[in-house]
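K.L.:
For this one, chain D is given, so just place chain C on it according to the hints.
2 protein chains.
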Amino acid sequence: MSKKGQKDEIRVGLIGLGTVGGGVVRVLRDNAEVIRRRLGVPLRLVKAADRDASRAKALGLPAETFTTKADELLSDGSIDIVIELIGGYDPAERYLTEAMRGGKCVVTANKALLATAGERLFEAADRHGVEIGFEASVGGGIPIIRALKEGLAANRIEGLSGIINGTSNYILTQMTESGADFNEALSQAQRAGYAEADPTFDVDGIDSAHKLAILATLAFGTPVDVKEIYTEGIRSLDAADIAYARELGYRVKLLAIAKMTGELLELRVHPTMVPSDELIAEVEGVDNAIFIVGDAVGETLFSGKGAGQLPTASAVVSDLIDIGRNLVRGAVGRVAPTGYRPESRRALRVRPMAEIESVYYLRFQAYDKPGVLSKISGVLGRHGISIASVIQKSRALGAAVPLIMRTHRAAERQIRQALAEIDAGQDVAGRTVLIRIEGEEDGDAAAA
Amino acid sequence: MSKKGQKDEIRVGLIGLGTVGGGVVRVLRDNAEVIRRRLGVPLRLVKAADRDASRAKALGLPAETFTTKADELLSDGSIDIVIELIGGYDPAERYLTEAMRGGKCVVTANKALLATAGERLFEAADRHGVEIGFEASVGGGIPIIRALKEGLAANRIEGLSGIINGTSNYILTQMTESGADFNEALSQAQRAGYAEADPTFDVDGIDSAHKLAILATLAFGTPVDVKEIYTEGIRSLDAADIAYARELGYRVKLLAIAKMTGELLELRVHPTMVPSDELIAEVEGVDNAIFIVGDAVGETLFSGKGAGQLPTASAVVSDLIDIGRNLVRGAVGRVAPTGYRPESRRALRVRPMAEIESVYYLRFQAYDKPGVLSKISGVLGRHGISIASVIQKSRALGAAVPLIMRTHRAAERQIRQALAEIDAGQDVAGRTVLIRIEGEEDGDAAAA
Numbered sequence: 329m330s331k332k333g334q335k336d337e338i339r340v341g342l343i344g345l346g347t348v349g350g351g352v353v354r355v356l357r358d359n360a361e362v363i364r365r366r367l368g369v370p371l372r373l374v375k376a377a378d379r380d381a382s383r384a385k386a387l388g389l390p391a392e393t394f395t396t397k398a399d400e401l402l403s404d405g406s407i408d409i410v411i412e413l414i415g416g417y418d419p420a421e422r423y424l425t426e427a428m429r430g431g432k433c434v435v436t437a438n439k440a441l442l443a444t445a446g447e448r449l450f451e452a453a454d455r456h457g458v459e460i461g462f463e464a465s466v467g468g469g470i471p472i473i474r475a476l477k478e479g480l481a482a483n484r485i486e487g488l489s490g491i492i493n494g495t496s497n498y499i500l501t502q503m504t505e506s507g508a509d510f511n512e513a514l515s516q517a518q519r520a521g522y523a524e525a526d527p528t529f530d531v532d533g534i535d536s537a538h539k540l541a542i543l544a545t546l547a548f549g550t551p552v553d554v555k556e557i558y559t560e561g562i563r564s565l566d567a568a569d570i571a572y573a574r575e576l577g578y579r580v581k582l583l584a585i586a587k588m589t590g591e592l593l594e595l596r597v598h599p600t601m602v603p604s605d606e607l608i609a610e611v612e613g614v615d616n617a618i619f620i621v622g623d624a625v626g627e628t629l630f631s632g633k634g635a636g637q638l639p640t641a642s643a644v645v646s647d648l649i650d651i652g653r654n655l656v657r658g659a660v661g662r663v664a665p666t667g668y669r670p671e672s673r674r675a676l677r678v679r680p681m682a683e684i685e686s687v688y689y690l691r692f693q694a695y696d697k698p699g700v701l702s703k704i705s706g707v708l709g710r711h712g713i714s715i716a717s718v719i720q721k722s723r724a725l726g727a728a729v730p731l732i733m734r735t736h737r738a739a740e741r742q743i744r745q746a747l748a749e750i751d752a753g754q755d756v757a758g759r760t761v762l763i764r765i766e767g768e769e770d771g772d773a774a775a776a
Numbered sequence: 329m330s331k332k333g334q335k336d337e338i339r340v341g342l343i344g345l346g347t348v349g350g351g352v353v354r355v356l357r358d359n360a361e362v363i364r365r366r367l368g369v370p371l372r373l374v375k376a377a378d379r380d381a382s383r384a385k386a387l388g389l390p391a392e393t394f395t396t397k398a399d400e401l402l403s404d405g406s407i408d409i410v411i412e413l414i415g416g417y418d419p420a421e422r423y424l425t426e427a428m429r430g431g432k433c434v435v436t437a438n439k440a441l442l443a444t445a446g447e448r449l450f451e452a453a454d455r456h457g458v459e460i461g462f463e464a465s466v467g468g469g470i471p472i473i474r475a476l477k478e479g480l481a482a483n484r485i486e487g488l489s490g491i492i493n494g495t496s497n498y499i500l501t502q503m504t505e506s507g508a509d510f511n512e513a514l515s516q517a518q519r520a521g522y523a524e525a526d527p528t529f530d531v532d533g534i535d536s537a538h539k540l541a542i543l544a545t546l547a548f549g550t551p552v553d554v555k556e557i558y559t560e561g562i563r564s565l566d567a568a569d570i571a572y573a574r575e576l577g578y579r580v581k582l583l584a585i586a587k588m589t590g591e592l593l594e595l596r597v598h599p600t601m602v603p604s605d606e607l608i609a610e611v612e613g614v615d616n617a618i619f620i621v622g623d624a625v626g627e628t629l630f631s632g633k634g635a636g637q638l639p640t641a642s643a644v645v646s647d648l649i650d651i652g653r654n655l656v657r658g659a660v661g662r663v664a665p666t667g668y669r670p671e672s673r674r675a676l677r678v679r680p681m682a683e684i685e686s687v688y689y690l691r692f693q694a695y696d697k698p699g700v701l702s703k704i705s706g707v708l709g710r711h712g713i714s715i716a717s718v719i720q721k722s723r724a725l726g727a728a729v730p731l732i733m734r735t736h737r738a739a740e741r742q743i744r745q746a747l748a749e750i751d752a753g754q755d756v757a758g759r760t761v762l763i764r765i766e767g768e769e770d771g772d773a774a775a776a
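Quick mapping for you: the protein sequence lines, in order, are chains D and C. Numbering (my numbering) for the first sequence: 329 to 776. Numbering (my numbering) for the second sequence: 329 to 776.
Next up, chain D with everything else stripped away, as it sits in the complex (with noise of 0.2 Å):
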């Protein structure tokens, strides 16, 4: 019926003594006890590849331990589980689908490689008839990946939103809190190690792409590319409209955001403003939140650390403890990758972003003479826009001043053709700023 008492130890292997690696290691030495209380056997980390031996060292492990050839790793016959920390794409992939052939399990935190790779590695794992645990590749060590193919397994999911990059929400949090310009809140983020000399994967919103991809994959039982992700980073944010969003109620985040409208699925990553009453407007700094709407359990919220050494180790060890507590059962697969059924996975087609419909933030660089509100108003409405509230922040009769608008909801295609015929004509100076809203139903929540 089972392997029960077979296994009287669970052998682990990790790729990649890095920060997270360095992490796994004081977590699988410093909560062994409680680990093997829990499993019932012990976690043993048996072999540890680096290319650089000195890391080894510092982290204490014995010679006995290390090796600088990970190939040394993969073959050893002995080991249960292999842990891919070294990131990127190659050689990544090729351990990874190494060791799942030779009948390992694996755990990775990997997540540029999963939003990419990701079905070759799901069907390798079920061909091979192996595990592959990620955990850590969204959120840290919130238990998100869990939560969506078990804790709501019973829900059809409705959508779900999330701050999944620590770095953006960082530098939001900076702007919001001391008005500084993006370029002032980069340099701060960089200095406090929150952001990388180079910034683009967080700030240009592909990391939280990648993480979208993954947690669309699970909820929806799709396959997703991630180039179908509508995605615009936060590079261009201005402060003066996360202060006017601050006016209005509103705090601006870099939302992740997967739902199903009709039979589509939207999949879409951008600056979003927010209810500032709603416990996501809350979650600061380098902190992460997944919102998950589903049909039975309605909305539940996610929070905690969504990277850093510890955390991150605290979701690639839970991953080692579930897939030990298969292997002792003899119960590998007992879940299959993504949470649906391999054979019982649906290609669900992503709605164009000129096709989705959301509540828009506006700020129009207005001349400031008579008929020019008339004639903005004039071209949103013949393009079926409808305006919930205007605000205009300042006179200087014949210069360009801050005309702020929030619509009711309206088409994507629509605004986008509105602003291309307003910013084309006359009546504005420059390009006009465009921040989606959500949170509210339509454009008047946030007065009521």
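Calculated directly from the structure, the hints in this document are not laboratory data. There may be inaccurate statements among the hints.
[To be verified] Sample of chain C residues facing chain D (criterion: CB under 7 Å; computed from the structure):
1) Gly469
2) Pro471
3) Phe630
4) Arg653
5) Ala659
6) Tyr668
7) Pro670
[What the hints assert, rightly or not] Derived CB-CB ranges, DEER-like:
8) D/Gly521 <-> C/Pro419: 58 to 64 Å
9) D/Arg759 <-> C/Glu524: 53 to 59 Å
10) D/Gly709 <-> C/Pro390: 53 to 59 Å
If you're wondering where the values come from, they're calculated on a predicted model, not measured in any experiment. The C-beta atom is built at its ideal place from N, Cα and C for all residues, glycine as well.
P.N.:
Relative to the frame of chain D, chain C by itself:
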């Protein structure tokens, strides 16, 4: 190696067709397809029992699926999982025990039973080699049981605190927003259907204590005697203190707290002031939120609807899917009922309430005459209590006026002794109000 493919459906029996039972029927019916896509085989409701036949009819259950006799369902050897949703102690425990003795897995939402008879039930599950699922017992559809048993399994849990009674939170939210007193807010909650005619379990903290017992058992691997939980409800809260809390930058929440301090476990339920800029302070109305601190993951928050037909059914059905996945793979018992292997559980001693330390809000009804502040602070000082801030709300020479103090961290025993001395003296009119403050290391964070 496994029973994969041997089971072509999971057969479910349901006892109790009340609110939650009806929700389970609906979720199993409405989400049959997505459940099958995740589990691989159908979850089939083969028999439902209730004393009231009209309920089955109202839910559209076919006659052959319904019985008025729970025993009929317990003796049906074809049933894999029995759900108990009648609540209360007897016959609920007998049904669960009989089902397990017959080799069936069980699922229950019965927090009162789990809090008092959990050890017997867990032991029975282990002895009979079956599963007992109880995700629905705490936090409605929030997958908090699973987070403690699995998602955060790599951590030593340091502490947890939660808003786990929606009725109390609704009442406190009303009191905070409208300034209503307890009785007004309770009546309003009753009219809105959020409080029962006899609200004792909810407003006196009993329900929170039951749920805390369950959470602490999972978090710390120890049996918990619910009678050892210090329990103080919200009935005697004064609207004035809620208003003063706001002024000081706090919200008052009924928190259930479990944390390790040294070798001892603190277990307590009481009204608590939390800094209003923390996420948990923003959890309003009937929502629940549980905050868990793990040594690796750091601080995590899980929130959502804590009760209601469909959220609770979401949790019940997620347990069915979880157990179903084990049944399909012959891996029943892969995770022990409490998340810790039975032989690894250890009874922790509970710290007596007098020995806890906290930051305190104190409201004296002090006579407005020279020397009173000095005398009161002198008594506190002699008991080793240091004062972080003092506010005298108004002046009325010779009459009693509110004198509000926040202490630095102090021992409960000292506070109680000091207050006994002060309240017995001539400087105050009536009993001093004490509310514990959590969420800051010391008493001066709110001033910062």
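K.L.:
Tell me, in ascending order, the numbers of any earlier hints that this structure violates.
P.N.:
7
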